[in-house]
Amino acid sequence: MSATHQPPPLAKLEQKTVQDIILKGKRIDERGPLDYRPLTIMLGAVEKANGSAEVHLGKTRVLAGVKIQSGTPFEDTPNEGILTVNAEFVPLAYPTFETGPPDEDAIEVACVVDRGIRESKAIDLQKLCIDPGKKVFVVFVDIYVLDHDGNLIDAAGMAALGALVNATMQEFEVKNGEIKYKDSKMALPMKNYPVPITTAKIGNPIVVDPCLEEEQVMSCRLTVTTDKNDNVCAMQKGGLGVFSPEEIKQIVSSSIQKSRDLREKILSKVN
Amino acid sequence: MGRKEEVRLIDDNGLRVDGRRLDQLRPVKLEVGVLDKADGSAYIEHGRNKILAAVFGPREAHPKHIALADRAVVRCRYHMAPFSTDERKSPAPSRRELELSKVIRESLEPSIMSEYFPRSTIDIFIEVLQADAGTRCAGITSASLALADAGIPLRELVAACAAGKIDGKVVLDLSDIEDKKGDADLPIAFMPKSNAIGLLQMDGSMTEQELSQALEMSVNACRTIYDMQRDALRRKYHVEHEETGPEEIAEVKA
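Top line first, the protein sequences correspond to chains A and B.
The opening position of the first sequence corresponds to residue 1 in the numbering used here, with each subsequent residue numbered one higher.
The opening position of the second sequence corresponds to residue 272 in the numbering used here, with each subsequent residue numbered one higher.
Warning: the hint list may mix true and false statements.
Each pair of labels, with its calculated beta carbon distance range [as the list claims (entries may be wrong)]:
(1) B:PRO364 with A:GLU98: 17 to 23 Å
(2) A:GLN15 with B:GLY439: 30 to 36 Å
(3) B:ARG330 with A:ASP105: 34 to 40 Å
(4) B:VAL278 with A:GLU98: 23 to 29 Å
Within a straight-line C-alpha distance of at most 27 Å, the following computed DSSO-like cross-link-like pairs (lysine-lysine) qualify [what the hints assert, rightly or not]:
(5) A:LYS249 with B:LYS360
(6) B:LYS335 with A:LYS12
(7) B:LYS335 with A:LYS121
(8) B:LYS360 with A:LYS135
(9) B:LYS440 with A:LYS228
Hints were generated in silico from the structure; no laboratory data involved.
Note that beta-carbon positions come from the ideal geometry of N, C-alpha and C, so glycine has one too.
Throw the hints in and build the complete structure from the sequences for me.
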């Protein structure tokens, strides 16, 4: 059952400091309200995976790996490969992350990243069919949070995108429903590049890419995932606060702007 | 959203598969206080959705360590009955149900004056008996009524409704087939008096302009549903006063 979270381990005085600075139009890490933290992305760190990417967003570190294996298609999409996204909040990343199956926060991260990739039709799933109704390729995207300093959704989404564009698979040929692998490798067929941008509301002001301390005092957040054509393909509000319709329109607009640079940055890493 | 096939969801007269206009809600039926043992309960039929919501509490937090010193812990479970869907759904909670339980709680919690009940819990249970697209919204609409029925102080009722896009047009309140074959879905939960959105999700593909159009459409529908919620509460709690004539009033005064 989903329950109200315990209060953050941040002293009242610290909370007030974070809020007061934001009211002055500044932030504790000296960014402007609409500045993203420095983003670095490294592709192909894990050789055994079909594709991988490690994202550093400020001090947040997320590693995503893609594995491609064959499996049975869903009944309603017999001609399409399958995408599954999973997120693990690994216990080494944060004092309160626990062992065991993903909790609702990890599930939320996975769901939001999944929706972005799925709804933007980022992967050309029709090209991943081996034998219609019987055998298709399954693309597993596994997200590993290694260090939690806030805004895990964006870091996870960009790591997943990086791992997908980095992914290669054995080139194959299908003859009479039998799959034949060739010697050469091919890139995973991609059609779109979704990028999530999360904005937090702290008091009334809004700030993009909240760090951990900001997340602990925010009233709510809104993630807007946009594709390469500036269409919105997924959104998710989180937290106990509320947005007005006007605030939402403003955040959508600024997220579309912001996502362009970040998408370019990720794609520039691909040869 | 499913892949688009050659199915027309809007006909030449601009009507949808079930005969609705683009900005028309499905029929909504609300009933308050439908369960005997729950502290508060409500039942909703929204299109072919049939959903029961029940609220227990404020009651003692159990286990005790989950209690909060300055407010009630709100707990929420959204669950679909195994027979509620076309294919049988396993009764074990799916990832989707776990995520929805969270976002539904986050949409209702801003409306609850939980600071009045420190160290206690308020438990919200939503059971989808039949699903027909838009269950999270119908669940929120009914759960908010169940909270009111339980006598829990609320800042405002929460109404919820989705808008979306089918055949390239922005429409209100997607039905099952529209959800599966359509282009986008945008469920929201809204508190009209405070102009506050507590739940917002979206999947599919929409331009910025379509999105703001869909947002306005669903906000307006939430206002309509909000009025229905108030009517449902009045039907339950309206006390019929006996006709009091002028003489009787005079008598009382004397």
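Here is what the structure says about each hint:
1. Taking the beta carbon of each, PRO364 of chain B and GLU98 of chain A are about 18 Å apart, inside 17 to 23 Å as hinted.
2. Against the hinted window of 30 to 36 Å, the Cβ-Cβ separation of GLN15 of chain A and GLY439 of chain B comes to about 46 Å, which falls outside the hint.
3. A hinted range of 34 to 40 Å for the beta carbons of ARG330 of chain B and ASP105 of chain A is inconsistent with their spacing of about 26 Å.
4. Separation of VAL278 of chain B from GLU98 of chain A is about 46 Å and departs from the stated range, judged on CB atoms against 23 to 29 Å.
5. For the proposed pair LYS249 of chain A and LYS360 of chain B, the alpha carbon gap of about 36 Å is over 27 Å, so the pair is violated.
6. Between LYS335 of chain B and LYS12 of chain A, the direct Cα distance comes to roughly 24 Å. Compliance with the 27 Å bound is thereby established for this hinted pair.
7. The straight-line distance between the Cα atoms of LYS335 of chain B and LYS121 of chain A is roughly 46 Å, outside the 27 Å bound, and the hint therefore fails.
8. Annotation: proposed proximity of LYS360 of chain B to LYS135 of chain A holds, straight-line Cα distance about 23 Å (limit 27 Å).
9. The hinted pair formed by LYS440 of chain B and LYS228 of chain A meets the criterion: a straight-line CA distance of about 21 Å does not exceed 27 Å.
In terms of the numbered hints stated before, the structure departs from hints 2, 3, 4, 5 and 7, listed from lowest to highest.
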